[in-house]
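Undergrad: Residue strings, one per chain:
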Amino acid sequence: MKIAIIQFPGSNCEYDALHVLRNVLKQDAHLIWHKEFKSDDFDAVILPGGFSYGDHLRAGVIAAYSPAMRYVREMAAEGKPVLGICNGFQILIESKLLDGALLQNNCLTFVCRWVNLRVETSRTPFTRFIKKSSILRIPIAHKEGRYVNTRRRIKELYDNDQIVFKYVNENGVETDDSNPNGSMDNIAGICNLEGNVVGLMPHPERASEAILSPYKTEHGRLIFESLIKYFNGGR
Amino acid sequence: MTFINGVKVNLTEEEVEKAKALLGREPNQVEAGMIDVMWSEHCSYKSSKPFLRQLPKEGPRVIVGPGMDAGVVDINDGDVVVFKVETHNHPSAIEPYNGAATGIGGIVRDILCMGARPIALFNNLRFGELRSNHSKWLFEYVVKGISDYGNCIGVPTVGGDVEFDDSYENNCLVNVGCIGLAKREDIVLSVARNIGDILILMGGSTGRDGIHGVTFASRVLTEASEADRPAVQIGDPFTKKLIIEATLEAVKTGYVTGLKDLGGGGLTCAASEMSGAGGTGVEINLDNVILREENMIPYEIMLSESQERMLFVVKPEGVSEITRIFDKYELSYSVIGRVDGSKMVNVYKNGRLVAQVPSRMLSDPPVLNRPVKRPSYIDQLAAVTPPPMPLNLAEVVYKLVGSPNLASKAWVYRQYDHEVGDRTIIKPGQADAAVLRVLGENKAIAAKSDATPSHSYLDPYNGGAGALAESCRNVAVTGAEPLAWVDCLSFGNPENPEVLWSFNETIKGLTDYALKLKIPCIGGNVSFYNEDQVSARVVKPCPVVLTVGLIEDLSYITTMSFKKPGERILMVGLTHREMGGSEYYTFYHNIQGGRAPVVNLDLEAATLKTVLKAVRTGKISAAHDCFRGGIAVSLIEMGMENNLSATVNLNGVGDPDLRFDELLFSESHSRYILTTGEEYLTDVIEIFDENNIPVKEIGVVTDKGRFEFEYKNRRVSCSTRRLRKLYYETIPRYMGVNKWMK
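Quick note, the sequences are listed as chains A and B, same order. Last residue of the first sequence: number 235 in the numbering used here, and the count goes up by one each step with no gaps. Last residue of the second sequence: number 742 in the numbering used here, and the count goes up by one each step with no gaps.
Wrong hints could be hidden among the right ones.
With a Cα cut of at most 30 Å, we get these calculated DSS-like pairs of lysine-lysine [unchecked claim]:
| no. | chain 1 | residue 1 | chain 2 | residue 2 |
| --- | --- | --- | --- | --- |
| 1 | A | 80 | A | 229 |
| 2 | A | 216 | A | 131 |
| 3 | A | 229 | A | 132 |
| 4 | B | 564 | B | 609 |
| 5 | A | 2 | B | 252 |
| 6 | B | 315 | A | 35 |
| 7 | B | 563 | A | 216 |
| 8 | B | 613 | A | 216 |
| 9 | A | 35 | B | 252 |
| 10 | B | 20 | B | 8 |
| 11 | B | 518 | B | 57 |
| 12 | B | 704 | A | 216 |
| 13 | A | 26 | B | 252 |
| 14 | A | 216 | B | 409 |
| 15 | B | 328 | A | 38 |
| 16 | B | 328 | A | 26 |
| 17 | A | 216 | B | 443 |
| 18 | A | 96 | A | 132 |
| 19 | B | 516 | B | 136 |
| 20 | B | 443 | B | 742 |
| 21 | A | 26 | B | 183 |
| 22 | A | 2 | B | 328 |
| 23 | B | 704 | B | 399 |
| 24 | A | 216 | B | 725 |
| 25 | A | 38 | B | 252 |
| 26 | B | 328 | A | 35 |
| 27 | B | 696 | B | 516 |
| 28 | A | 96 | B | 328 |
| 29 | A | 80 | B | 328 |
| 30 | B | 136 | A | 216 |
| 31 | B | 443 | A | 26 |
| 32 | B | 742 | A | 132 |
| 33 | A | 38 | A | 229 |
| 34 | A | 216 | B | 619 |
| 35 | B | 704 | B | 725 |
| 36 | B | 399 | B | 725 |
| 37 | A | 216 | B | 564 |
| 38 | B | 739 | A | 216 |
| 39 | A | 216 | B | 742 |
Since the hints were made in silico from the structure, they are not lab data.
Input sequences plus hints: build the corresponding full structure.
TA: Dropping the structure here:
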């Protein structure tokens, strides 16, 4: 499997994603400057975290109009796995590949801390091999991560099994205290109708090696391993 | 105020005469401006240089020492670490958000222009009492400025400290540090050595912002300082991120022979320092400088401190490849001149020579030998009578744990991305120092920046030695051997002999402990004039020291939190009656005075080495420097993260005649608290006994929910629940957040 990690001006988690995929998981992953990206060359694509175009106008909105996103759209339409992490999630939202909006955190500041995520569905390539309701410890680091949508659309997300991750406490319960940014229904990540495009605010690439985890966990790695197994035929 | 050719300059009459004599004629207006900025305290270090010469700068691992934008030390396998601390006090005092943000921008450029990737940021902040709305405003926006800038450029902010003291009410201190990582062969110096090399100015455009930032920083704040707000630069972290990537890619080509960022003093500083260091000259054509505003005159272009600019010296054959990289990142750039053999900075505009000054005259200005005098307040303050012992010591403990200086700073570090880069093994709040791995290798660096102004105020010598000692202790407890350090010294007006005496004492203290531990100083920064005319107050001297240590095996890494009940607690070192400047005296009793803790140089160094040896056996489960807030607060800090407690007996760990309050809260140096499993107890104690370092088993980690201290048949007992609430709630509450933050 050949994985592209698209580098926009202002991306800053691209090397971390590359490190995990290439050095930890021994995958054929490549950093691709946004102007040089062509969809035909790759089997999956990751939009990394950071501050593409300095978050000018609105987080993710300028990158959403980058030519690279035309190819990402093509890949999404072909059913290839697309993952947006943090700013990547914001870009997927702004390019309408995912539904809803990501507003400023309700605390009005940037928040960097480890959270507990509950896996809500195993239908995406990135969660196919993680048991539903598993609890993953992964850090967040963002200022605009409060997921918002209309009640009607949120209901549709539930009906269509499009909610992928939720913020929960260590016992797996959705509480206000475990919701770090005020997201509606504690939503941390969602997917498109088909399930191949996933966006999440937390950073699995920062939680893929025990040495970086305060809990000695490697839960972020499960998300990437799931993709690899999915690709290797384990559908 | 003096004038040269009608231009107002911040120089003395003697300096003006000297400038004329060196130049051999009356400087024109452009030249007057260039001399003014380069001879300012900020750029020239003219008052501090004679004192700074004392510092030990050599060591087997030093690759680049003081004098360049940042120091460089070897960490084996061809890897080097580059680091530096700077202040951005004056700009932050009048415009906290941009002042702090551009402070980060400046320190990152200092690391970058050595050819290194910035991998970690630090900040040491000092504000007035947190009760004051003015201090809250400064605190909130300084943190926000650092957060917005640092997070955007993708460099994690991993450590530092924050303290509140009335002396900083009108002069907050914003110290910012940065660490970079590079391969030794990629290190570039700020030198223009080869005649014929091309000068390329890359990054932001040049505008009128920040003109005279350095002269502004080289005088005391006045009521009129508000009008200096245009002298505060505006940061652009997005452009900075592109500059980081483009610069590192350019350096890899091998065509870059010299590199310097444009900070204080702008183009004048970069051009003169690079040619001065290289023994060459430069020819600059201002028509090629990309301007942001119309009708800028040469004076303004040469003095502009617009942010996000880098000056590259490039081999002529490499220009096209370098500019191709800048094009990829859509950064603007222009060829503005070349290196020549004139030993002059030659500035042209419209084909006319508008300034011609010897490079060395600008880069190496005459130093001053200002007088020093021991302040009379020192003896008065030392002679303060001890307060009576409070009846309820448990209440004192609660009060101290809930003091803004000792309470958790989670409100601050949760706003900083401290994880980006996938290197941060030890994160803020987990240990005394941050630990960052070197990707792909079994090694890591530990780093911490510290200062204790309340000690320095009473005893600048021991405050200086103590700042270095503390930062070394903080690095060592994680399992790292301290390798080198940089300092950042904030003081008042150097024209006041008493201020300069404290400065000299501080340097002496730093020097003596550095020589004892054999650890070199590889760079630094001095900030004077931290006082204001309005309140006529001088800041407490603030010597910040950033120490970097090396962990040669990742299995050594140790954090400070208690791990499980039943583990044994060891007290290393002895406690003395050294209450001056303690948080107990200043916060609880409101006493400014007493005897500040003394650094026993031999004992301090020997204790550090022994603790490091013990930590590296892998038998220590938690290790913590015992310092601010004394034994009581240090022990409590170890229990906060995992909600564990301790029961200890403190007989025999201090001078026999100590009162209970003194034993609990004295801030003596050379002390550590360690925990170990029962099975290792004798082994660990033996390590200390062999090296004649005082150690005593004082108690045990519990899950009883109470911290219990016993001494001479008296007991103090505190509820862990209440302590945690105070520890995690204090700062958020002051800042209007009604929940605890961990």
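Undergrad: Now tell me if each hint is right for this structure.
TA: The hints, checked one at a time:
1. As the CA atoms of residue 80 of chain A and residue 229 of chain A are separated by approximately 14 Å, the hinted pair is consistent with the 30 Å bound.
2. Only pairs whose Cα atoms come within 30 Å are accepted, and residue 216 of chain A paired with residue 131 of chain A is accepted, the gap being roughly 20 Å.
3. Of the supplied pair hints, the one linking residue 229 of chain A and residue 132 of chain A holds, its CA atoms being roughly 16 Å apart against a limit of 30 Å.
4. At most 30 Å may separate the alpha-carbon atoms for a hinted pair to count; residue 564 of chain B and residue 609 of chain B meet this at roughly 26 Å.
5. With a C-alpha separation of about 27 Å, the suggested pair residue 2 of chain A and residue 252 of chain B falls inside the 30 Å cut-off, and the hint holds.
6. As the CA atoms of residue 315 of chain B and residue 35 of chain A are separated by approximately 29 Å, the hinted pair is consistent with the 30 Å bound.
7. Taking the CA atoms of residue 563 of chain B and residue 216 of chain A, the gap is near 14 Å; set against the 30 Å cutoff, the hint holds.
8. Taking the CA atoms of residue 613 of chain B and residue 216 of chain A, the gap is near 25 Å; set against the 30 Å cutoff, the hint holds.
9. This hinted pair checks out: residue 35 of chain A and residue 252 of chain B have alpha carbons roughly 22 Å apart, not beyond 30 Å.
10. Between residue 20 of chain B and residue 8 of chain B the CA atoms are separated by roughly 15 Å; this keeps the pair inside 30 Å, and the hint holds.
11. Proximity of residue 518 of chain B to residue 57 of chain B is assessed by CA-CA distance (about 10 Å); at most 30 Å being required, the pair is judged to hold.
12. A distance of roughly 26 Å separates the Cα atoms of residue 704 of chain B and residue 216 of chain A; the hinted pair therefore holds under the 30 Å criterion.
13. Taken as a hint, the residue 26 of chain A and residue 252 of chain B pair is honoured in the structure, with Cα atoms around 26 Å apart against an allowance of 30 Å.
14. The suggested pairing of residue 216 of chain A with residue 409 of chain B holds, with an alpha-carbon distance near 24 Å, which does not exceed 30 Å.
15. For a cut-off of 30 Å, the pair hint linking residue 328 of chain B to residue 38 of chain A stands: about 17 Å separates their Cα positions.
16. Of the pairs offered as hints, the one joining residue 328 of chain B and residue 26 of chain A holds, with about 29 Å between alpha carbons and a cut-off of 30 Å not exceeded.
17. Distance check on the hinted pair: residue 216 of chain A and residue 443 of chain B sit about 18 Å apart at the alpha-carbon level, within 30 Å; holds.
18. The hinted pair formed by residue 96 of chain A and residue 132 of chain A meets the criterion: a straight-line CA distance of about 26 Å does not exceed 30 Å.
19. The hinted pair formed by residue 516 of chain B and residue 136 of chain B fails the criterion: a straight-line CA distance of about 40 Å is larger than 30 Å.
20. Annotation: proposed proximity of residue 443 of chain B to residue 742 of chain B holds, straight-line Cα distance about 29 Å (limit 30 Å).
21. Taking the CA atoms of residue 26 of chain A and residue 183 of chain B, the gap is near 24 Å; set against the 30 Å cutoff, the hint holds.
22. With a CA separation close to 24 Å, the supplied pair residue 2 of chain A and residue 328 of chain B stays within the 30 Å bound.
23. A hinted pair counts as satisfied when its Cα atoms are at most 30 Å apart, and residue 704 of chain B with residue 399 of chain B qualifies at roughly 21 Å.
24. For the hint pairing residue 216 of chain A with residue 725 of chain B, the CA-to-CA distance comes to about 26 Å; that is within 30 Å, so the pair holds.
25. Restraint check for residue 38 of chain A and residue 252 of chain B: satisfied, since their Cα atoms lie roughly 26 Å apart, inside the 30 Å limit.
26. Between residue 328 of chain B and residue 35 of chain A, the direct Cα distance comes to roughly 9 Å. Compliance with the 30 Å bound is thereby established for this hinted pair.
27. Pair hint residue 696 of chain B plus residue 516 of chain B holds up; C-alpha atoms about 26 Å apart against a cutoff of 30 Å.
28. With a C-alpha separation of about 28 Å, the suggested pair residue 96 of chain A and residue 328 of chain B falls inside the 30 Å cut-off, and the hint holds.
29. With a CA separation close to 28 Å, the supplied pair residue 80 of chain A and residue 328 of chain B stays within the 30 Å bound.
30. Only pairs whose Cα atoms come within 30 Å are accepted, and residue 136 of chain B paired with residue 216 of chain A is rejected, the gap being roughly 37 Å.
31. A hinted pair counts as satisfied when its Cα atoms are at most 30 Å apart, and residue 443 of chain B with residue 26 of chain A qualifies at roughly 21 Å.
32. Straight-line distance between C-alpha atoms of residue 742 of chain B and residue 132 of chain A comes to about 29 Å, which keeps the hinted pair within the 30 Å bound.
33. The hinted pair formed by residue 38 of chain A and residue 229 of chain A meets the criterion: a straight-line CA distance of about 24 Å does not exceed 30 Å.
34. With a C-alpha separation of about 19 Å, the suggested pair residue 216 of chain A and residue 619 of chain B falls inside the 30 Å cut-off, and the hint holds.
35. Between residue 704 of chain B and residue 725 of chain B, the direct Cα distance comes to roughly 17 Å. Compliance with the 30 Å bound is thereby established for this hinted pair.
36. Taking the CA atoms of residue 399 of chain B and residue 725 of chain B, the gap is about 12 Å. The hint holds against a cut of 30 Å.
37. Between the alpha carbons of residue 216 of chain A and residue 564 of chain B the distance comes to roughly 16 Å, so the proposed pair stays at or under 30 Å and holds.
38. A threshold of 30 Å between alpha carbons decides the hint, and for residue 739 of chain B with residue 216 of chain A the separation of about 27 Å falls inside it, so the pair holds.
39. Annotation: proposed proximity of residue 216 of chain A to residue 742 of chain B holds, straight-line Cα distance about 19 Å (limit 30 Å).
Violated hints for the displayed structure, listed by number in ascending order: 19, 30.
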